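Chemist: Protein chains in written order, with our numbering: chain S, 16 to 338; chain P, 39 to 554.
To be clear, the hints were calculated from the coordinates, so they are not data collected in a lab.
Check each hint, because a few of them may be wrong.
One side only, chain P facing chain S, incomplete, derived with CB under 8 Å [what the hints assert, rightly or not]: (1) P74; (2) I262; (3) S464; (4) K499.
Computed cross-link-like contacts, DMTMM-like style, restricted to lysine to aspartate or glutamate with a CA-CA straight-line distance of at most 25 Å [unchecked claim]: (5) P:K132 - P:D122; (6) P:K295 - S:D75; (7) P:K469 - S:E70; (8) P:K435 - S:D75; (9) S:K106 - P:D368; (10) P:K155 - S:D177; (11) P:K378 - P:D368; (12) S:K71 - P:E286; (13) P:K213 - S:E80; (14) P:K234 - S:E110; (15) S:K106 - P:D211.
The model shown is predicted, which means the values in this text are computed figures rather than measured ones.
Note that CB positions come from ideal geometry on N, CA and C, so glycine has one too.
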Amino acid sequence: MLSFVAQRILKGVIVLLAIVVLNFFLIRLAPGDPAVVMAGEAGASDQVFVKQLREKFGLDKPLPEQLFIYVKGVVTLDLGFSFRQQAPVAKLIGERLPATLLLTLTAFAISLMLGILFGTFAARFAGTFLDTAITVFALIFYAMPIFWVALMGILLFSVTMDWLPSFGYETVGANLTGLAHAVDVATHLIMPAMTLGLFFMATYTRMTRASMLEVKRLDFVKTARAKGLSDAVIQRRHVLRNALLPVVTLAGVHSGTLIGGAVITETVFAWPGIGRLMYDALLQRDYNLLLGVFVICSAMVLIFNLITDLVYRMVDPRIEFAS
Amino acid sequence: MPKRVLLGLLLACGLTAPALAQEPKTGGVINAVIQPEPPGLMLAMVQNGPTQMVSGNIFEGLLRYSPKLEPQPQLAESWSVSEDAKTYTFKLRKGVTWHDGKPFTAADVLFSVEMLKQTHARARNNLAQVDKVEAPDDYTVVFTLKQPFGPFLGIFEVGSMPMVPKHLYEGTDFKTNPYNNAPVGTGPFMFKEWQKGSFIRLVKNPNYYEKGKPYIDEIYWQIIPDAAARSVAYETGKVDVLPGGSVENFDVPRLSKLKDTCVTGAGWEFFSPLAWLWLNNRQGPLADKRVRQAVMYAIDRDFAKDVIWNGLGKVATGPSASTIKYYTDDVKKYPYDPAKAKALLKEAGYKGEKIRLLPLAYGETWQRWGEAVKQNLQDVGINIETIATDVAGGNQKIGDWDYDIAFTYLYQYGDPALGVGRNYVSSAIAKGQVFNNVEGYSNPEIDKLFADGAVATPDTKRKEIYEKAQKILVEDVPVAWMLELQFPTIMRCKVKNLITTGIGVNDGFKDAWLDK
Numbered sequence: 016m017l018s019f020v021a022q023r024i025l026k027g028v029i030v031l032l033a034i035v036v037l038n039f040f041l042i043r044l045a046p047g048d049p050a051v052v053m054a055g056e057a058g059a060s061d062q063v064f065v066k067q068l069r070e071k072f073g074l075d076k077p078l079p080e081q082l083f084i085y086v087k088g089v090v091t092l093d094l095g096f097s098f099r100q101q102a103p104v105a106k107l108i109g110e111r112l113p114a115t116l117l118l119t120l121t122a123f124a125i126s127l128m129l130g131i132l133f134g135t136f137a138a139r140f141a142g143t144f145l146d147t148a149i150t151v152f153a154l155i156f157y158a159m160p161i162f163w164v165a166l167m168g169i170l171l172f173s174v175t176m177d178w179l180p181s182f183g184y185e186t187v188g189a190n191l192t193g194l195a196h197a198v199d200v201a202t203h204l205i206m207p208a209m210t211l212g213l214f215f216m217a218t219y220t221r222m223t224r225a226s227m228l229e230v231k232r233l234d235f236v237k238t239a240r241a242k243g244l245s246d247a248v249i250q251r252r253h254v255l256r257n258a259l260l261p262v263v264t265l266a267g268v269h270s271g272t273l274i275g276g277a278v279i280t281e282t283v284f285a286w287p288g289i290g291r292l293m294y295d296a297l298l299q300r301d302y303n304l305l306l307g308v309f310v311i312c313s314a315m316v317l318i319f320n321l322i323t324d325l326v327y328r329m330v331d332p333r334i335e336f337a338s
Numbered sequence: 039m040p041k042r043v044l045l046g047l048l049l050a051c052g053l054t055a056p057a058l059a060q061e062p063k064t065g066g067v068i069n070a071v072i073q074p075e076p077p078g079l080m081l082a083m084v085q086n087g088p089t090q091m092v093s094g095n096i097f098e099g100l101l102r103y104s105p106k107l108e109p110q111p112q113l114a115e116s117w118s119v120s121e122d123a124k125t126y127t128f129k130l131r132k133g134v135t136w137h138d139g140k141p142f143t144a145a146d147v148l149f150s151v152e153m154l155k156q157t158h159a160r161a162r163n164n165l166a167q168v169d170k171v172e173a174p175d176d177y178t179v180v181f182t183l184k185q186p187f188g189p190f191l192g193i194f195e196v197g198s199m200p201m202v203p204k205h206l207y208e209g210t211d212f213k214t215n216p217y218n219n220a221p222v223g224t225g226p227f228m229f230k231e232w233q234k235g236s237f238i239r240l241v242k243n244p245n246y247y248e249k250g251k252p253y254i255d256e257i258y259w260q261i262i263p264d265a266a267a268r269s270v271a272y273e274t275g276k277v278d279v280l281p282g283g284s285v286e287n288f289d290v291p292r293l294s295k296l297k298d299t300c301v302t303g304a305g306w307e308f309f310s311p312l313a314w315l316w317l318n319n320r321q322g323p324l325a326d327k328r329v330r331q332a333v334m335y336a337i338d339r340d341f342a343k344d345v346i347w348n349g350l351g352k353v354a355t356g357p358s359a360s361t362i363k364y365y366t367d368d369v370k371k372y373p374y375d376p377a378k379a380k381a382l383l384k385e386a387g388y389k390g391e392k393i394r395l396l397p398l399a400y401g402e403t404w405q406r407w408g409e410a411v412k413q414n415l416q417d418v419g420i421n422i423e424t425i426a427t428d429v430a431g432g433n434q435k436i437g438d439w440d441y442d443i444a445f446t447y448l449y450q451y452g453d454p455a456l457g458v459g460r461n462y463v464s465s466a467i468a469k470g471q472v473f474n475n476v477e478g479y480s481n482p483e484i485d486k487l488f489a490d491g492a493v494a495t496p497d498t499k500r501k502e503i504y505e506k507a508q509k510i511l512v513e514d515v516p517v518a519w520m521l522e523l524q525f526p527t528i529m530r531c532k533v534k535n536l537i538t539t540g541i542g543v544n545d546g547f548k549d550a551w552l553d554k
């Protein structure tokens, strides 16, 4: 197993470097000059000023040279300097990453727990009203855009009922500490995490339900039933365990998509994570910051995929690690 | 009561609120929205709108400007101009200290001028007329100009020429100076904390030189990226002030009607944002003056003002906003007249060639405006194709002259020499750059008028020159002027005296107080 993990990490680093190179060129294909954006209204009309900015940030150098400088930096764990925010990229990402991890991991947990729970119930009571209700519930959240769910949530829980805060990570100016601070953050987290989680919950519900119904029809389930095992044991030990494999695969794939959803969720709820940092960097053509966020997100996807493979092995020990 | 009338009344109420009659109370916290998050707070290094709004509390300029754009004392307590209009002597206020306790002196002014020439594009342009700056003593600064420069007394507000602490910046790499992230100024509020993505916190400067000010203890600038979420934050009482442009314009009437809410359109006199359509004069049908005039007649600008901008703002008459110096409305008029537009197009021989329109990617209001203009132009037979871009992409297209019609709005900075001429003189044609003469208009007479207007004395002479320039430009229609925009500031009525000068919220909250 150790050699498997080591190999995967090595491959991951190579993939990451390939991603850096690809992203480097892709971003530069987008129209829009970072020096002009940086210069602002008055500065952009001044040719000398824009030229100075280009020189200052090395944007006047040939592309291969810029790439070489950037990759050299990444290899030595230096993600460069943000033109726009005038601060090291690693520092900017470091400030925002914890908030995104908190949001995405909570949303991930909510979506998996609720998805598997609802899917199991729907499969267990297939064809009943409960099954239909769960399916419709899941479909609604799958079909609705994340920003719409977010706005409706704000309208209902913030404006109308005044139960939950509509924006931010914590109550600004309250200066809470310890448990009170944790509760405060949790209160702010509920709506964004649910908004993001419910979308993915819908997928897992549908997947779990379909997969369980399929496994239920297999011979080994009939054998288990013939052996006289209770229905609960069959569902838990035999059906669910086997039915979870595609859900785990999907969850691994979704680890990257979650970040995409976080961009929208973080924007609507003013959640101070890297999703928003990425969005701002894109609008400002802040190349280094954008590349930095991509590198971190890609690394996260690779790590999630590795974890998925390990979980796969835990769920079904018959799966061997290819070395 | 129609919405517009109600809003008008509210605006009038805000503009004439008798706050001055009351004795200011001290204490309290103001929560205001800042959008988007500023890239930095060091005003000498970064000059975008959000930076100015927050940092106008931390830094100060030598002068402030009244809503009528008359200079007022700030760090300079008085000034005088020589008879030949080439020497400006400023007497600095004594007893002013930086937030770290060091005294503010003429050496700081001299240093700021030199630094700003390197880091601040607008300041450099404004200072181009300066031959030398001297400090005969610690509290006197003398600017000697190469030639008289009419708008010179208008370049000293905090956003255009912020004072920088020499003792913290001299000899350092400006780009990486650690004080960029914890700015030190002379202003009424001191930088305390910035949680990126969440908020910026400023606290009262206890040693501020104007005794008793500021009245407020703290300001929290809340960073909320989504426009709808910003409206909700105000609606649910989490923020007290929505500076102009914080919410979509169509939300303004609804928010204005909320309990204890005051609205004012004041505080934009210095910037006077003017919206227009860049018209590419170089190529295609728009190279013909008659087609450009047809565009002016074809667009229903009253509709745009009343429906898209909720009755806010004013229909523009030409290149100068009515709030800046030397404005005249004695120019050719372009009322909404589709028949006249069609006749002009016919006369010009327009054959339905495709014309590309770039709306401004600044949110829903601008998208809707783009659609309305497209409809207006199609109604008179112009074949319009909308090109969707983001801001950076749009700027590149405009700068590369790869467009036919494009939306924009620009600031005027109180004087035609500072904010108007750059868009029409032929020396400002430079491919790859935006916000200059990207339409490619070239008229030697206009070039001369703007060149003369900047250096003419006295003011009556300048007035004559700029009035003539406005008349010529309005006849030639190098761009299609649309609206003088108004970005209303929405706030709780308990916030008093928030806006007292021509730069509004950007001038800091030193006079503001809370009627608790």
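Chemist: If a hint holds in the structure, say so; if it doesn't, say that too.
Modeler: Hints, verified against the model:
The closest approach between the C-beta of P74 of chain P and any C-beta of chain S is roughly 7 Å, which is under the 8 Å cut-off, so the hint is satisfied. With 8 Å as the threshold, the beta carbon of I262 of chain P comes within range of chain S, its nearest partner Cβ sitting at about 4 Å, so the hint holds. Annotation: interface hint on S464 of chain P violated; nearest CB of chain S at approximately 14 Å, more than 8 Å. For K499 of chain P, the shortest C-beta to C-beta distance to chain S is roughly 27 Å, which exceeds 8 Å, and the interface hint is violated.
Distance hint between K132 of chain P and D122 of chain P is unfulfilled; the C-alpha atoms sit about 28 Å from each other, more than 25 Å. Taking the CA atoms of K295 of chain P and D75 of chain S, the gap is near 52 Å; set against the 25 Å cutoff, the hint is violated. For the suggested pair K469 of chain P and E70 of chain S, the alpha carbons sit about 18 Å apart, so the restraint of at most 25 Å is met. Taking the CA atoms of K435 of chain P and D75 of chain S, the gap is near 19 Å; set against the 25 Å cutoff, the hint holds.
Between K106 of chain S and D368 of chain P, the direct Cα distance comes to roughly 56 Å. Violation of the 25 Å bound is thereby established for this hinted pair. Restraint check for K155 of chain P and D177 of chain S: not satisfied, since their Cα atoms lie roughly 51 Å apart, outside the 25 Å limit. With a C-alpha separation of about 21 Å, the suggested pairing of K378 of chain P with D368 of chain P holds against the 25 Å cut-off. Taking the CA atoms of K71 of chain S and E286 of chain P, the gap is about 36 Å. The hint is violated against a cut of 25 Å.
As the CA atoms of K213 of chain P and E80 of chain S are separated by approximately 22 Å, the hinted pair is consistent with the 25 Å bound. For the hint pairing K234 of chain P with E110 of chain S, the CA-to-CA distance comes to about 7 Å; that is within 25 Å, so the pair holds. Pair hint K106 of chain S plus D211 of chain P holds up; C-alpha atoms about 19 Å apart against a cutoff of 25 Å.
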